[in-house]
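With the hints as your guide, set chain B with the ligands onto chain A.
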Amino acid sequence: MKEYPVIGQMLHNGLTTCEGCSMEIVARAMLDILGPRTVMLTPPSCSAILTGAGLETGWKVPSFMSNLEAVAAYASGISEAYAILGVEDVNVVGFAGDGGTVDIGLQALSGAVERGHRFIYVCYDNEAYMNTGIQRSGATPPGAWTTTTPSGKIGPKKDVVAMLAAQGIPYLATASAGFIEDFQRKVRKAKDIDGPAYIHVHAPCPTGWRFAPRQTVNMARLAVNSGLWPLFEITGHRFRLTYRPKQLLPVGEYFRSQGRFSSLDDSALDLVEKEARDSYERLLKRHEEENG
Amino acid sequence: MTGHKYMALDGNAAVALGAALCRVQVVAAYPITPQTPIVERLASEISSGKLKARYINAESEHSALCATIGASLTGARAFTATASAGLALMHEVTGVAAGTRLPIVMPVVNRALPSPWSLWCDHSDAMGERDQGWIQLFAQNAQEALDFIIISYRLAEDERVLLPVMPSLDGFFTSHTVQGVKVPDQELVDVFLPPYRRSKPYFDFNEPAAINPLTTPDVFTEAKRGHQVAMENVRKVLPEVFGLFAQHFKRAYSPITPYRIEDAEIILVCMGSMVGTVKHTVDLLRGQGLKVGLLKITAFRPFFKTEVRECLKYAERVAVIDRSAGLGSEGPLSLEVKAALYPDGPAVYSFSAGLGGRDVTPRTIEKIVKYTATHKSTQDPVWADLKGGVLD
Ligand SMILES: Cc1ncc(C[n+]2csc(CCOP(=O)(O)OP(=O)(O)O)c2C)c(N)n1
Ligand code: SF4
Ligand SMILES: [Mg+2]
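Going line by line, the protein sequences match chains A and B.
The working numbering applies: residue 1 is where the first sequence begins, and numbers increase by one.
The working numbering applies: residue 1 is where the second sequence begins, and numbers increase by one.
Label pairs and their calculated CB-CB ranges:
#, chain 1, residue 1, chain 2, residue 2, range
1, B, Ser44, A, Glu114, 18 to 28 Å
2, A, Gly8, B, Leu214, 21 to 31 Å
3, A, Gly168, B, Pro201, 32 to 42 Å
4, B, Gly328, A, Arg210, 41 to 51 Å
5, B, Thr257, A, Val87, 42 to 52 Å
6, B, Lys50, A, Gly168, 25 to 35 Å
7, A, His237, B, Gly328, 53 to 63 Å
8, A, Glu114, B, Pro217, 39 to 49 Å
9, B, Pro116, A, Gly8, 52 to 62 Å
10, A, Gly14, B, Phe205, 19 to 29 Å
11, A, Arg185, B, Leu327, 51 to 61 Å
12, A, Arg210, B, Phe220, 32 to 42 Å
Far from chain A by the CB rule (all over 12 Å, computed), these chain B residues:
#, residue
13, Leu119
14, Glu159
15, Gln186
16, Pro194
17, Lys224
18, Glu232
19, Gly243
20, Asp283
21, Gly287
22, Leu335
23, Asp380
Once the Cα atoms are required to be at most 25 Å apart in a straight line, the calculated SDA-like pairs of lysine to any residue come out as:
#, chain 1, residue 1, chain 2, residue 2
24, A, Lys191, B, Gly75
25, A, Lys60, B, Tyr202
26, A, Lys191, B, Phe205
27, B, Lys52, A, Gly86
28, A, Lys191, B, Tyr55
29, A, Lys191, B, Tyr202
30, B, Lys200, A, Gly86
31, B, Lys200, A, Ala83
32, A, Lys60, B, Pro213
33, B, Lys224, A, Gly54
34, B, Lys313, B, Gln288
35, B, Lys50, A, Ala83
36, B, Lys387, B, Gly326
Hints are computed from structural coordinates only; laboratory data are not their basis.
Nothing here was measured: the structure is a model prediction, and the numbers come from that model.
Ideal Cβ placement from N, Cα and C applies to all residues, glycine included.
So that you can see chain A by itself, here it is in the shape it has in the complex (with noise of 0.2 Å):
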């Protein structure tokens, strides 16, 4: 049998996220990269839960709950103190949803890439606002069931990982709460970066996704082996897929697994699995030019 390694000592125990959540995944991995020098930003959402409630605090770290909009705005002050201040071996990480990050965050992110400051960004997409209740997002995907988009959402899912490839962001990733061990490269590789670095996680939420706690994991798989979700990441300029699925599988048993997709039926089915394919084997010639 496997051996795994034991994961995420740097988060306490008896967090009060949902059973299932892959926020709380993500984030143990990723302390476990980042290590003790770290300080950890959480805007108003689920990671919130991480930085505790009242006199409890999750993270084994020094930790700021920020604005809803503005993690990369603090980040930035704080970032730039260390860096007058002579400390050079803190990591400065923002730890924020989907909606705090493509929606009223945006412009916060934008400023602090362009300036280019030494920190961390991470973004958990749950693909909703989740800890108000499940409300629509930038992020949500089309045609998904939120409580403010009752028959499904009308509109793309925002590309932010495309606005921040085009402002040259030094670092730029994707990832998947299913697929760990990319994920901490990709933060091994981000730490050592001296500048911004964006990586954007694709994280399933049985709550508000509407499917079994325990197809967590699974479900963030199927979003990736589908072609839904690649995994890559952009180095200066340079685009790698960091993970190829042998074969594409049909993108019906990840929607049709979870209640959200409802007002999707097969022929939409069947154009969300065009639209996947072809983008993705867009990436795939651009990974062999990339990379010879």
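Relative to the frame of chain A, chain B with the ligands by itself:
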């Protein structure tokens, strides 16, 4: 050795020099009229290497203050400045700066809040922040603007206080008017204001804690109470710091400053740049035999209630001139004065004047005094310089 250089500076230049003399380590800012020259000048001091600090060109005032808060959390001395709409945009996080008890100094170059748009001075911007838990000082001129930066850091970093300070200077009247200013020598400032050291750091890697987390009804009230206690401590610490400043720099300040009030029947109360004009008008009216005096308010938060009452209680009438309207009620300074005098002080007359940059002239002030002298009481706030208004 005089201990200073005498220079011709406008208020903005004085503020920027003040910040540089305080050896601020992080400046995060976003330009807005009439504050812009402050941050331009600091950017150039930092880029030339004269000031060893980091300059963050924030993409908004909201981010500017967040970055300033972040910097202050690490233990660096942090600075920003703003005005009007910029301050309003920061409103969400002014509470964070104060609630996390950070010694940030953020001058506000007073400018009216829209709507309609105005580039010019009134106090509506600063007044929007009056209950956010910042110390608020109002400078009368460029000298005070410079001195209040130095005083503010010393006050803010006092362990009995640990609160952010918002020194206000009037847009254009003070920020853009060149005046003679004594700029203290760096060595003297270094003695008065030693490097900032918190006895317990916020980000402590040996004893990690969550700063500013979600709190329950079980602890929120006590946290707020701690903040209020710090505010109360300012009543003691601010006069101490003013005293220390006078020893070092030979310029005396006070949270409130009376002028010719001993036998005054009518005392005018105001703050900011109009204080100079009011003082001048008091002298004029005294020349005409009118028993008028002035109470200048420097510290608006905390409000020095007891001291204000002591100064005003023997007057027959008190006329408060607010530079903001207090829509739906009356000017905030007048409300404070009334509360300080309750229940048995002199009658208080509430005036607003100088909104959106309108000059508060000696003529306007004279009219205010005459109205106060000849009316038994007034229920409504009087808009003193309103065209077609009761004093026109
Ligand atoms: C300025 C502001 N507006 C609204 C809110 C309410 N609010 C708190 S968290 C949140 C959504 C967060 O969603 P996301 O970032 O995706 O995190 P998740 O809850 O999904 O983990 C909202 C709208 C707030 N805290 N601050
Ligand atoms: S709502 Fe989703 S993301 Fe939030 S704690 Fe529960 S499972 Fe995790
Ligand atoms: Mg979310």
